[in-house]
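Heads up: the protein sequence lines correspond to chains L and U, in order. If you read the first sequence in our numbering, its first letter stands for residue 21, the second for the next number, and so on. If you read the second sequence in our numbering, its first letter stands for residue -15, the second for the next number, and so on.
No lab work stands behind these hints: they were computed from the structure. Built from N, CA and C at the ideal position, the CB exists for glycine as well. Be aware that a few hints might be false.
In silico contact screen, one side only, chain U against chain L (beta carbon under 8 angstroms); selected entries [unchecked claim]:
#  : residue
1  : 153
2  : 156
3  : 157
4  : 158
5  : 159
6  : 160
7  : 161
8  : 162
9  : 163
10 : 164
11 : 167
12 : 169
13 : 172
14 : 231
15 : 235
Derived DEER-like restraints, expressed as beta-carbon distance ranges [to be verified]:
#  : chain 1 : residue 1 : chain 2 : residue 2 : range
16 : L       : 156       : U       : 85        : 35 to 41 angstroms
17 : L       : 192       : U       : 63        : 44 to 50 angstroms
18 : U       : 153       : L       : 306       : 41 to 47 angstroms
19 : U       : 71        : L       : 192       : 38 to 44 angstroms
20 : U       : 71        : L       : 77        : 44 to 50 angstroms
21 : U       : 117       : L       : 133       : 46 to 52 angstroms
22 : L       : 142       : U       : 245       : 42 to 48 angstroms
23 : U       : 71        : L       : 203       : 54 to 60 angstroms
24 : U       : 243       : L       : 192       : 51 to 57 angstroms
25 : U       : 246       : L       : 151       : 39 to 45 angstroms
26 : U       : 208       : L       : 155       : 53 to 59 angstroms
Anything over 12 angstroms on all C-beta distances counts as not near chain L; from chain U, calculated [what the hints assert, rightly or not]:
#  : residue
27 : 22
28 : 27
29 : 37
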Amino acid sequence: MGLSTELLVRRGSFTLDVALEVAAGETLAILGPNGSGKSTLLAAIAGLVEPDRGIVTVNDRMLTYVSGVGSRARGVPVHRRRISLLGQDALLFPHLTALENVAFGPRARGIDVAQASQIAAAWIDAVGLAGFADRAPAALSGGEQQRIAIARMLATTPDVLLFDEPMAALDVQNASLVRTLLRDRLADPITTIPGHSPVSPPATIIVTHDVVDAMILADRVAIMDNGVIIDIGATDRVLQQPASSFAAALVNLNLLNGTVETPELVRASDGRRFASEGQLPPVGSEVSIVFAPSAVVLQAALSERTPRSTEPTPETPNTWQARVDTLEPALRGIRVTFTGDSVVAEAPADEILHKQLAHGVTISAFVEPRAVTIYPRQIRHGILPV
Amino acid sequence: MSANPQRLALGGVGIPRLLYVPAALGFALLVLPLVGLVVRADWPRVPAAIVSAEALAALALSLQTALSATALCLIVGVPLALVIARSGSRLAGVLRALTTLPLVMPPLVGGIALLYLLGRNGLVGGFLELAFGIQLPFTTAAVVIAQSFVALPFLVIAVEGALRTAGTGFETIAATLGAGRWTVFRRVTLPTILPGLLAGTVLAFARALGEFGATALFAGNAAGVTRTMPLAIYTAFNGAGATQDSAIALSLLLVVVGIIILLLLRSWRTTPGL
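With the sequences and hints as input, model every part of the structure.
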């Protein structure tokens, strides 16, 4: 039960090539840079975009089946798919009250006005907006509109819930309210409506650019880039052992690719060598090397203070030299980037001041072995043969 | 809902004083003729002229045909606007250009064109007479067709604009909530474009009510059958059947109808929530 899909969508030079399954009651978060195909994926699942090839199956109902180029597409129309969609904008019908908006779905499915209003009132209550039922959408704040929109989609007890950055247009406080609401509702789905047989809990996909959404709402996380899923798995694993620089940046980690050189040493592709306290994969394995920016210890500027004799050689593990490029404000202190290097460091402002770090200064950097995580590299490609 | 740039302007810098002169001239050009009409009217005889049998017949015919034409415009115009609004940009451009052609065409030309399409020897008219024995020209139906021809572009443009502004987002959401195409059209599309639809309807009605050129050529000027208000005014002014005084009285009546239409339009447009 749940959602199962394989999709190939070509749009000009862009190709979406994705296969994934989401179980009933499960929530999958999809993270990825802009233009990676996340919204196209949702549109294809919802039946708004016809794939060049692919299958969408929900609870054993075949909703989309396109076998290949030139074949007639077979598909269940959008309104019979039992798939609900919510984007950045609530898109509440402006001519209807909040209650009428939420009652719209039940009404469209043939439930009479009185009962549909009853269902709608219960859902408005469930999103914490009892008392707002008779308001026009224009009289609601952005966060309230989004909560009514969530009530509206849940009131149809859909088989699949698709969210496309539902918190992106909200301020921090409202985003937090909506996130909490989604967490509660997704954890405790209501699967019965009066007069109808119970339905299975929805399979949920939430596209987001905020790692907090993934951490709080998702059972699993997928990372998409350039039309393919490059990593998918349990939220903890995907975020703590990122397979892509995008995922690493989301959780504010430095990620380098490398190869295991000896049982104790890993050589990164740029020549830096790293040791870790954990057990390394077999010699010759492709690995990912991960450490936090705050774990990078910056030594005093070499040109000014360090005598030449003690300058660490590039061969020393976990140590390298770099030229400071920019200093930027970070959450705790200052973020330092280096010329021609993807690694960033973070340090308290007073430390930066004390060490007189500035653009163009060459420094020596060091990471303790216990702060370095090394794990086999995840290499995934699209599933459908192109 | 979009940001109002005037909020930042803090009153603005004003306009060049010299521009007030042409502005006043333009305003005078629009308003003074109406003043002339009001001043020239022989007021004691206006009521009698308005309630004369001829005037009442013309008014009744005008209202009847203009309302029919407006209904016809709604029935074919809203679907046409939907098709244009939901077409690809190239097809929409072609359709829009052809739809608005009657706007830039002199109505007299429209009347001749209708005559050659629907007249006895016309493309469709010949067939209609042969197959069904129907003759359209110089009937009340011809008045309605002529009025629809000139009024339809106003409705289509207004509705199409409203549809484009509304976009397809609401319709998509409605479909994901389980609404079929007809339900979406009835419960989402139509209510969303209601202000544009009302404005377009009123404009089309006003245009149909004032239609003269196409009607005169295609429907003629038969009292009680095709003599609408504009044709009655023209006839009275030329001295056949009535005096110039009744032409003025009838004109005043049309001005009043026009003002009422404008006021209705204004109140609809400024109603909050629409």
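The hints, checked one at a time:
1. 153: It holds, given that the least Cβ distance between residue 153 (chain U) and chain L is near 5 angstroms, below 8 angstroms.
2. 156: holds, 6 angstroms
3. 157: holds, 5 angstroms
4. 158: Holds - the Cβ of residue 158 (chain U) comes within 8 angstroms of chain L, reaching about 7 angstroms at its closest.
5. 159: Since the shortest Cβ distance to chain L is 4 angstroms, the answer is holds.
6. 160: Hint on residue 160 (chain U): holds, closest Cβ of chain L at ~5 angstroms, below 8 angstroms.
7. 161: Hint on residue 161 (chain U): holds, closest Cβ of chain L at ~4 angstroms, below 8 angstroms.
8. 162: With a minimum Cβ separation of about 4 angstroms from chain L (threshold 8 angstroms), the hint on residue 162 (chain U) holds.
9. 163: holds, 4 angstroms
10. 164: holds, 5 angstroms
11. 167: Cβ of residue 167 (chain U) sits 6 angstroms from chain L, so the hint holds.
12. 169: The hint is violated - residue 169 (chain U) has no Cβ within 8 angstroms of chain L, the shortest such distance being about 12 angstroms.
13. 172: holds, 6 angstroms
14. 231: violated, 45 angstroms
15. 235: With a minimum Cβ separation of about 40 angstroms from chain L (threshold 8 angstroms), the hint on residue 235 (chain U) is violated.
16. L:156 - U:85: 35 to 41 angstroms: The hint (35 to 41 angstroms, Cβ to Cβ) holds, given that residue 156 (chain L) and residue 85 (chain U) are roughly 40 angstroms apart.
17. L:192 - U:63: 44 to 50 angstroms: With a Cβ separation near 46 angstroms, residue 192 (chain L) and residue 63 (chain U) satisfy 44 to 50 angstroms, so the hint holds.
18. U:153 - L:306: 41 to 47 angstroms: Taking Cβ atoms as reference, residue 153 (chain U) and residue 306 (chain L) lie about 45 angstroms apart, which means the hint holds.
19. U:71 - L:192: 38 to 44 angstroms: About 42 angstroms separates the Cβ atoms of residue 71 (chain U) and residue 192 (chain L), which means 38 to 44 angstroms holds.
20. U:71 - L:77: 44 to 50 angstroms: violated, 33 angstroms
21. U:117 - L:133: 46 to 52 angstroms: holds, 50 angstroms
22. L:142 - U:245: 42 to 48 angstroms: Taking Cβ atoms as reference, residue 142 (chain L) and residue 245 (chain U) lie about 46 angstroms apart, which means the hint holds.
23. U:71 - L:203: 54 to 60 angstroms: violated, 43 angstroms
24. U:243 - L:192: 51 to 57 angstroms: holds, 53 angstroms
25. U:246 - L:151: 39 to 45 angstroms: With Cβ atoms ~41 angstroms apart, the hint holds.
26. U:208 - L:155: 53 to 59 angstroms: holds, 54 angstroms
27. 22: Non-interface label stands for residue 22 (chain U): nearest chain L Cβ at 41 angstroms, farther than 12 angstroms.
28. 27: Answer for residue 27 (chain U): holds, closest chain L Cβ roughly 46 angstroms.
29. 37: holds, 46 angstroms
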